[in-house]
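So the protein lines, in turn, are chains V and Z. With my numbering, letter number 49 in the first sequence gets 63, and the count goes up by one each step, no holes. With my numbering, letter number 1 in the second sequence gets 77, and the count goes up by one each step, no holes.
Derived from the structure by calculation, the hints contain no laboratory data. Heads up, the beta-carbon is just placed ideally off N, CA and C, and yes, glycines get one too. Among the clues, some could well be false.
To be verified - Have a look at the derived ranges for each label pair, beta carbon to beta carbon:
#1 V:W117 - Z:E203: 13 to 23 Å
#2 Z:D159 - V:R39: 20 to 30 Å
#3 V:E54 - Z:K137: 50 to 60 Å
#4 Z:H260 - V:P119: 44 to 54 Å
#5 Z:D92 - V:R21: 52 to 62 Å
#6 Z:P209 - V:Y136: 50 to 60 Å
#7 Z:G223 - V:T35: 42 to 52 Å
#8 V:Y80 - Z:P209: 48 to 58 Å
#9 Z:R206 - V:R88: 25 to 35 Å
#10 V:Y80 - Z:Q227: 51 to 61 Å
#11 Z:G94 - V:Y136: 53 to 63 Å
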Amino acid sequence: MKESCPRFSKLLERYFDQEVTDEERSLVENHLQGCPSCQEGLKAMEGLRYLMKAPVDEADPKENFYWVWQKIERAIQQEDKLTWKESIKRWIDLTPILRKRVWVPAAAAIVILLLIITPYFYKKTPSSSEPSVVEYVESQTHNVMVYESEKGDVTVIWLLEGPAKEGGSQS
Amino acid sequence: MEYDETELISRCQKGDQGAFKEIFDRYHKKVYRVAYGVLRQRENALDIVQEVFIKLFRSIKNFKGESRFSTYLYRMAMNTAIDHIRKTGKPFVSSLDGEEAIEPPEEPEKRPDRIFLYKELEGKVNEALRRIPADQRTAIVLREVEGLSYQEIGEAMGTSVGTVMSRLHYGRRRMQELLKDYVHQETLK
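Bound conformation, chain V alone:
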């Protein structure tokens, strides 16, 4: 870029883009009269704009957009006939984050995590309220059954007097 005066460099660019106040415009115009460097800077910006814009201005009126519309019309009329698979594909195409495929590693990470944690949900939790038989002793007069919880903090002892009468004590 042609170096204009450092003090006026950015102001000159805003002046060129017509983004200045009336006061700033007067300031730049007064400065330009006596500054060949800024005059050159302004010409360089005009030259670049011409290079960028002139070919577009030239091409635009020559184009026939009728056939472009016809193609668009055909495409949008087919929108209603899309299968669900095509609809999902279109939706993905319109969604930048999905189009970039960043979701693939994220989905893989979620699946792996689920595989790791799922067994914990299905693991049978031992119940401390369900005692297990530890010992069962039979005799002619009495039968004794001893239950003890897995943690060992509760013990139930049943003393059975014959087949019809039952009694128990718990410690």
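Since the structure of chain V is already known, use the hints to place chain Z on it.
Just chain Z, lined up with the frame of chain V:
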């Protein structure tokens, strides 16, 4: 009968294809100019117009009117053109080789040497645009080709006016360095 833009958009959002045609009639040249500004090749620019309006038809329901419709469309056009560059890997076809290169202005004269010079310049502009970052390229095209204000460019790019000014400044500086042999030529004007 010319409809109000808001009403047109509302009708489009309800699936009215007649309203969508009117949107196309109003905006297709803007989209074309932006696409041409980025790609510097007319066939590709026409493809972008087609792609942008098909995308617009699918996505117009998501337009909530938080920004101007024109800036919404500019953003879509710029993104589609830049995506095209990424996908093809051949962003700029040199106009020197392309059959689709535009003809130079017929006036004041149409001498072969001028035609050659004009096409050569287009090739140089393409090369220069390829060498600057996409965000600077976007800002320059929206400003130099479409003449948008800093505010409008900021809306289209989703950034502040200060950032737009910075992108324009550095983009122009780089482009002028790359095109230093051409920016002062008066012969083509």
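Taking the hints in turn, this is what the structure says about them:
Taking 13 to 23 Å as the suggested C-beta distance range, the pair V:W117 and Z:E203 does not conform, at roughly 36 Å. The hint said 20 to 30 Å for the Cβ distance between Z:D159 and V:R39, and at roughly 39 Å that hint is violated. In this structure, V:E54 and Z:K137 meet the distance hint of 50 to 60 Å, their C-beta atoms being roughly 51 Å apart. At roughly 51 Å, the beta carbons of Z:H260 and V:P119 sit within the given window of 44 to 54 Å.
At roughly 55 Å, the beta carbons of Z:D92 and V:R21 sit within the given window of 52 to 62 Å. Evaluation of the 50 to 60 Å hint for Z:P209 and V:Y136 yields a pass: the beta carbon distance comes to about 53 Å. Range check, Z:G223 to V:T35: about 19 Å between beta-carbon atoms, so the 42 to 52 Å window is missed. Evaluation of the 48 to 58 Å hint for V:Y80 and Z:P209 yields a failure: the beta carbon distance comes to about 36 Å.
The hinted range of 25 to 35 Å is satisfied by Z:R206 and V:R88, whose Cβ atoms lie roughly 33 Å apart. For the pair V:Y80 and Z:Q227, the supplied restraint of 51 to 61 Å is violated, since their beta-carbon distance comes to about 34 Å. Distance hint check for Z:G94 and V:Y136: the Cβ-Cβ separation is about 58 Å, which falls inside the suggested range of 53 to 63 Å.
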